[in-house]
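Trainee: Below, each chain spelled out in residue letters.
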Amino acid sequence: MNIGVFVCHCGSNIAGTVDTVAVAKAALAYPEVVFATDTMYACSEPGQAGIIEAVQKYELDGVVVASCTPRMHEATFRRTVERAGLNRYMFEMANIREHVSWIGKDKDANTNKAAELVHIAVEKLRRNTELTAGEFTINKRVMVIGGGVAGIQAALDCADGGLEVVLVEREPSIGGKMSKLDKTFPTVDCSSCILGPRMVDIAQNPNITLYTLSEVESVDGFVGNFDVKVRRKAAYVDWTLCTGCGECAAKCPSKKTPDRFNEFIGKTTAINIPFPQAIPKKASINAAACLMLTKGKCGACVKACPAGAIQFKQEDEIVTEQVGAVIVATGYDLFDFTQYGEYGGGRYPDVITSMQYERLLSASGPTEGHIKRPSDGKEPKDIVFIQCVGSRDKSIGRPYCSGFCCMYTAKQTILTKDHLPESQSYVFYMDIRSPGKGYDEFIRRAMEEYGARYIRGRVSAIQPKNGRYLIKGVNTLMGDQVEIEADLVVLAVGAEAAKGAPQLAEKLRISYDTYGFYMEGHPKLKPVETNTAGIYLAGSCQGPKDIPSSVAQGGAAASKVLGLFSKDKLASDPQVSSVSLQRCIGCAKCQSVCPFGAIEMTQFRGMTKASVIATVCQGCGNCTSACPQGAIQLSHFTDNQILAEVHALCPY
Amino acid sequence: MSVLEGKELRIIGFLCNWCSYGGADTAGVGRFTQPTDLRIIKLPCTGRINPLFVVRAFLNGADGVLVSGCHPRDCHYTAGNFYARRRLEVLRSLLPVMGIEPARFEYTWVSASEGQRWRTVVQKFTEQIHGLGPIPAFKSGTCLEACLGTAI
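Respectively, the protein sequence lines represent chains A and B.
Take the first sequence: its letter number 387 is residue 387 in my numbering, and every next letter is one higher.
One rule links them: number in my numbering = place in the second sequence (from 1) + 1000.
Excised from the complex, chain B in its bound form (with noise of 0.2 Å):
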């Protein structure tokens, strides 16, 4: 099945198993309703996040990418999330030479506790990519693609 036409876009968040697919799940069990567009990949640590993994969504039609986990010195693993925010950090500096928005790229904290919180990024994050619209089609066999086909 294929997006939702007209009423949903493409959302990948990448989140932690620890902090914020907790969270998740503590918003699931309070019933805080969301938008729908978000699809999670869970992975044990924001620290696991490969940058390119952001840049190959967006290439793949990605509209948004939202990234999650643990609040800074709360990392389950220690440290992970603090490479994690300096990858992201280079990454979203990066973005504009891709010709993506920055706008559709963010990432945040959220415990396992904070489901509120957790629904409200959630809630932000889709409407500010809905009011970005979808992202232009990248053209096939571009330069950034085969840099990209070979770094991935």
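If we strip away everything but chain A, and leave its shape as in the complex, we get (with noise of 0.2 Å):
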């Protein structure tokens, strides 16, 4: 065998710390290597040309790049090989940037490192076997885990993609966050009537199965083939026959159930429609509120129903769907400001979240549009916004920046001004940031035409003074401390991962960072993939967003599942394990510890020996460990090859 060694300098990344040059002449010491060199950017074209006028000039029959990670050009030196005219599976890399030239001081030991990992990667392709890759087939339906603005846009591209689409959500409705925001910045446009349309469209598109009060349950399977099983929660109101009248809710006696839609801020009934525009707009009972389902004792919704679908004995139901990929856009939730005692902890009636703010100015809201105190119901005239809550706080585990507070504090202000045009908004903000197109200058008009006071600081604790509240700080642009008398406090709450995220990740099988949002591929040139094929994001589950990034995410996701479902078959990963005839005893050991059910035992002249389905292999190699025969064998894992990588770092 004719081996060909390339170091790459990946300009000065490895060549800065790894003397490349040295490398190529230790590689050529390594058995069957007949050519090695250094190369600027082995990944350029240049690099890859010279890669294969090597492979054609020396005859090599395989190739070892030592340069980044396997995951970051893997895919593109295999191409690269089946250009030269060899089989793409007659490759390996050495991973001489990321596990060596960037995490090593010492030239010398990094050099010594680079070569060895060259070694290993050379006698492992020695023992490598040409592969051809198989092929299976997919089903082309794809799952939308979450209907927020992300999930709807995804689905509705998706289904106009002309793609079977089953959209899961937790709620009783879909719409997500946005559905509960008055206006969106920078435009003030009304929320609803963007978002409305699209709900719509969602429930009347023939394409998109909708499950809301539904949550994942379990998937299995792999890209193309997922299993996922949906866990349609009761609602106790069978859906098939509730035409969202909402009877039921105006003869419900429990009026005082929290009112979930509405962010605790109001008070609904037991039987519930969310919200007017609800999609699908179907009633659901709040079983811990019912009174029926509680105490036994009322039915004044079953009376009420004209169409009969009140039904108190409905259970959770299963149901399974089969589709080729999943789009997971689960959002983000509010981070919960109590923890923080010098905002009050949550014990002063009217500091408040955005969201709740959001809930007051919106005119299906609680108080149809009319900014009023929690406590006493009357208009404010001061109101005290406060940024960063929850953001950009080391203390309470949160230094990320949730991207869109400095934003929608701002368009709370305008739009306060809009409905108290007697108030006076202050702001308290650390940075304002506001990248995005039109997004400064709407700061700008929140400040000069609205009149909004900014001040630079942060607040050290809100008192209640006299039914108002006397809110302290620092000004830390004029250095002195400041008081403001207020009559409502708004917290700029921010965002941390939507609850139950790093669960539906290990269902998932995908990764997820410190905070529990999900990790995307790549994060420049992969951000709605994740690492498990078949998986992709959307929104702010990966991240806190904006809605336009949350639309891009969704549409970018929905373009990546129809570029995946554009062929009908998928080519299989070729290495996966076989079975050594000769070798098998027929014990099904590896039978009993294949996750994924691919072997099966055969009859081979009257003896019982093991088969692998090579379609439903996913090349973990747990079979591999568990043969008493070494009968069965990981392609390009082989016991051989991991012993002989062995071998090569430790000769003695």
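Since the hints were derived computationally from the structure, they do not count as laboratory data.
Note that this is a predicted model, so its numbers are computed, not measured.
A few of these clues could be false.
[To be verified] Now the stretches of chain A that chain B is said to cover, found in silico as 3 or more residues with beta-carbon under 8 Å: (1) 95-102; (2) 114-126; (3) 501-515; (4) 619-629; (5) 634-642.
Glycine included, each C-beta is placed from N, C-alpha and C at the ideal position.
Using the hints, build the complex out of the two chains.
Mentor: In structure tokens:
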């Protein structure tokens, strides 16, 4: 076998702390290496051309590239060696950037380490075999998890592209956080007027199956063939009969039920339709507040319902959906400000969150759009807004910027002036972050046209004073202390990962960061992909995002799915297990450890033998470790290959 | 090239492709400086690790062996790390029988996002191995070697 080794400089990324020329020279001493060179950028056009040229000139049978992580460019170089006429699997990478040059300071030690990593790649490559990818059919249906604006966009774009879509939403209605907003920045147009028609499109699109009040229970399978179990939670109302007339809510005696949709700022009934534009417009019962379900007596809604849809005996139902791809658009939740003692820790009725204020501003909210203090229902005159509540604060484990709070606070000051022309808004801020089209101009408008007074500094205490509140803070630009009396305090609470986000990630087998936000495939080049094939991200589940970005990601994720489904068959990774019939004794240990059911026991000349279903095998190699005979081997990770790597590193 | 005399010891890492290898990449991207002793062998899953690989590494002169995979319940292949954990626990209890200090072997879980954690793991383990010093050489032709020779 003729092996060629290419040691990449990666500009100075590698060459800065690794002597690439010495590594190439050392590589020439390894068995079957006939050619070794260093190259400036192996992944660049001339770099790849150099590899192809060397393959032809030196009649190479295999190529080792020592450069970045295989996660970055393995696919690139596999295509390169294929263009050079080799099998794409006669290629190995040595990761001398992420694992060597970027983490080690000592150039000698780095160079030595890089050379040894090249050595193990060479030893592995010597034992590689040519592999050909198989094909498997894909199920061209897509599941979108989360029915906020990102999920709605993704679902509509997929459906418009001709795909069958299953949209799963945890709440009784789709719409997400955007449906709770009154107006949107920087155009100050009505949120539900923009979102409402999109929600109706979801309901009316024949390609979309909508499951609300539902959660993903489990996910099995792999790209192209996922089996997703969805738990449809009991609404205690038969939605096939419910017409959304609202008679039930009018008659329900539990009128003091906490109103989730209105951020608990108002009260609702135990049976309700969360908001007028809800999709689907169906009633559901809050089991904790319903007299019939808690105490066994009432049934007012049963009498009121003209359709006979109320079903107190309804139970959760599990449905299984088969899909080929999943778009995760589970959004975010709001930071719980009660851990800030200085803002009253939730004890003061008129210290509210920005989302609660949004509901007060909304014409469909509990006050029908009149700004009233929750405590006494009076109109406030002085309103203090405090930014960065749960953002950019290491002490509470939220070092990140939530991104959109500066903008919505400015919007809320503008709306406040529109609603109450006599009012005065004060904004305590750390920095104004408004990098978007028309965003900074918008902030300026809030300050200059609407007279919001911006004070750069933090608030140290909020104290009740004669039915109002005394806000004590600092003005860091003036270098003095500030005391403002206000009727209402609005906290610009930051975004945090949606509740249950890590649990869902584990079901989907995708990764998430320290804060519970999902990890994209690559921070720059794969913003909506995950490292699990067939699973895509959209919106704030990946990190706080405003509406335009969430919509853009929804569309991007949909286009990725449409791209994936543009083929009828996908190539399967041929790095799967295979059985040596001579060695197999039919003990079925491999079958018992296989997580995918990819091994079946077959009869061969009267003897039981294991057999691998190549399209089901995912290439984990658990069977290889379990086989007492070494009969089942995972190709390209065989016992011999791994031991050869060990021997290369430990030669004694 | 051999181990840099006096500077480095020989530490082998068996890492799963999906979590810990990614975690080591994340540490690299974050430029989290680490000791240079560790050599990483990439595997699809910790479930691919035959405990005899670890033993072979020790017999061939490795001073320390580190295994790292996905956190329990977060395995890319659902259950591979659970199998690995059972196998490696048994291996650990057998190491003293073979005359290998158990502290030369460790397994841990590092996810693809935990670059900082990976650096800590590498630093601590490398420090631990340097504390133990080079592994005493096995006498060739011993029973243990003969047994392993047939097993692997």
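Trainee: Hints first: check each against the structure and report whether it holds.
Mentor: Cross-check of the supplied hints:
1. 95-102: holds (count 6)
2. 114-126: holds (count 4)
3. 501-515: holds (count 6)
4. 619-629: Since 7 is at least three, the answer is holds.
5. 634-642: Check passed, 4 qualifying residues.
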